[in-house]
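Chains as they are written, first to last, in this note's numbering: chain A, 480 to 1097; chain B, 311 to 403.
Incorrect hints may appear among the rest.
What the simulated footprint calls covered on chain A by chain B, stretch by stretch (three residues with Cβ under 8 Å from a Cβ of chain B suffice, anywhere in the stretch; the number is not a length) [to be verified]:
1) 700-711
2) 727-738
3) 793-804
Label pairs and their in silico Cβ distance ranges [said to hold, decoys possible]:
4) B:Ala340 - A:Asp646: 22 to 32 Å
5) B:Arg332 - A:Lys1065: 43 to 53 Å
6) A:Leu892 - B:Arg332: 31 to 41 Å
What the hints contain is simulated information worked out from the structure, not anything from laboratory work.
We put the CB at the ideal spot given by N, CA and C, even for glycine.
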Amino acid sequence: MNPLPLVAVAGSPNAGKSALFNALTGARQKVGNYPGVTVERHSGRLTLADGRPVEMVDLPGAYSLDPASPDEAVTRDVLLGRQKGERTPDALVIVLDASNLDNHLRFALQLIELGLPTIIALNMVDLAKRDGLELDPKRLSGELGVPVIETVAVRRRGIKELQAAIDDMLSAPFCGVHKHVKSDLVHLQRRAREIASAAVVSETPVRRWTHRLDAVLLHPVIGPVILALIMFVMFQAVFAWSAAPMAWIGDAVAWVSAAVSNALPPGLLRSMIVDGAIAGVGAVITFLPQILILFFFILLLEGTGYMVRAAFLMDRLMHGVGLSGRAFIPLLSSFACAVPGIMATRTIDDPKDRLTTILVAPLMTCSARLPVYTLIIAAFIPDTRLAWGVGLQGLVMFGLYITGIAGALLAALVLRRGVLKGGGGGFMMELPKYQWPPLKDVLIGILTRAQIFLKRAGTIILGTTIILWALASIPQAGPGQKQSQVSIAGHIASGIETVVKPIGFNHDISLALLPAMAAREVAVSAIATVYSIDSPDEKAGATKLQDQLQHRWSLATALAFLAWFVFAPQCISTIAVTRRETNGWKWPLFMVTYLFALAYLAAGATYWIAVAAGLGGT
Amino acid sequence: MNAPFQPDTTSLDRLAVGTRARVCSIDWAALDEAEACRLRHFGFDEGVTVEPLHLGPFGRDPIAIRVGRMTVAIRRRHAGAVQVLPIQAQPIR
């Protein structure tokens, strides 16, 4: 069977390439990774008028065939037919921003030189008109020697005409030669300018919208204030909108787990499915609403063009610790969850900047730490008021957030001076025109994120939780024995205990730390389980648990436990996403090691100081 | 490449916001390969008109600059590698 014809969509960043790709292929997209690099491969299917299918691939945005980033290298390699995991395209659709022809034509000229059948989509003609720019597509087509179709991808205009042109292009016999002529970049740029000015019919200078908006949004005083406001609204939404769906998912998980419990006879199998698979995956997918809402905002900020402005405003501050302004949004997102935060680092061009951002992202206080913090603070920190509106409990919580941020900044500083020295320092970005992204494109983006997240929950997280369950359940305790002592996990906990005893942790905590690798908040349920197993007559409720903690833990231990969770990388999802984003085990292992080391030191220091201050008694 | 010294030239990082200028020379040697490549991608070239539009709120860094029809943000350090000759102010409607 002949493979489907492969048409690549190429263009410079901000040409509206992805919108055009979405308009051509609709929501049926596949997102994968090019082998060996962390560059996403977006592919989809276009059905021609006579029903013939065509495979479309959306190449990463590039300014030229001389790459300045890993994304651009993939684009070049695909186009030259030397990218692993990709066929050489049969034809090309080049997307150009009509109002930025003098720049975008340079890449187009390079691509046309390749000799593949090519169509130009002259995109965003509406914005060009708004800027007072009148173009002659026929003249442009004549100069370039390839068909030119006017499109407005975000409004789905000109898409039918473009499909017809693709049809014509694929139907015509192709007898050209695929080659790579390497023209000088400067020469191409000058030629691009000539063609661009030839294609301009008329130009009326008008005050541009983008310019007016930037005067406010990039204002040295008003700009940062608006950024803070937008971030505030975003976080309010992430927590407020997600409360209800998170509760529904929690209920659904509980319902499924009850239904399975009733359907299966008690025993190892039921325990594995209910306590292992359902409980473990359930704990993780509860965060899906937060992740999706966060991505909604990220995609919206990205699509409107504001994201780059936020990076512009924050660059100097981030630069101070060796990061780039681009790291701001990923790090901020990590306050909800490090997984979307780390996934969002793909917008950072420089590999070392990106890696540093990934490595410090887990230090931002994510929402999974909140159940742990809330429980311990409620149990051990007295609810006293220090000043009007300032309570001691709130202050401790605030302190934990600040410690995380300070830790992240310090870690970035050290990493950039040490293992990730050199390179970077670059912040070179195009500030695209503001525009309103079509809701459909945002939804497609959210859907693909949800798929990636759920796939991981269904594979690696499921696998790990089953292993953790097995460790905690085998061998089964005989009469008069405690499951928490007999099981393999119990023995491992005893092993862990010898290591963590110096920092004030007891056997219960050691045992809870193991399942908490799946997700931090599991520590709470794990501690609750240990206590309910050890004293079966007591019912372990949240308030009960607080009382029990007060009796069993000293204040010094509790504070050390809080300090531990500020740093400890106890989240399988984060480790898994780091592996995926860095393409190997080296960096996730490095991350886990340095974060555990920090956690140990922080918890230890806290414990020793607290004991010295006389807080070591229960 | 060393451009002949011209008394009125200045570097792009010293150009006041809103002042249009023509690029006379770029010290490519002061930039690393990727940075130089990116600047070329943005269309920085001798003879091109540039105009600083905005400065970052902290330390007046980075700088948003109009190059041709594009607006790009680069750090002050990189702008320092670009020598420009200011153009006499022309009123824009």
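Do the hints match the structure? See the list:
Remark: the region 700-711 of chain A is confirmed as covered by chain B, as 3 of its residues place a Cβ nearer than 8 Å to a Cβ of that chain, reaching the required three. With a threshold of 8 Å between beta carbons, the proposed coverage of the region 727-738 of chain A by chain B is violated, since 0 of its residues qualify and at least three are required. Counting residues of the region 793-804 of chain A whose beta carbon lies closer than 8 Å to any beta carbon of chain B gives 5, which reaches the threshold of three, so the coverage claim holds. Look at Ala340 (chain B) against Asp646 (chain A): about 50 Å separates their beta carbons, and that is not inside 22 to 32 Å.
With their beta carbons about 48 Å apart, Arg332 (chain B) and Lys1065 (chain A) fall inside the hinted range of 43 to 53 Å. Checked against the hint of 31 to 41 Å, the pair Leu892 (chain A) and Arg332 (chain B) passes, with Cβ atoms roughly 40 Å apart.
Violated hints, listed in ascending order, are 2 and 4; each of the other numbered hints is respected by the structure.
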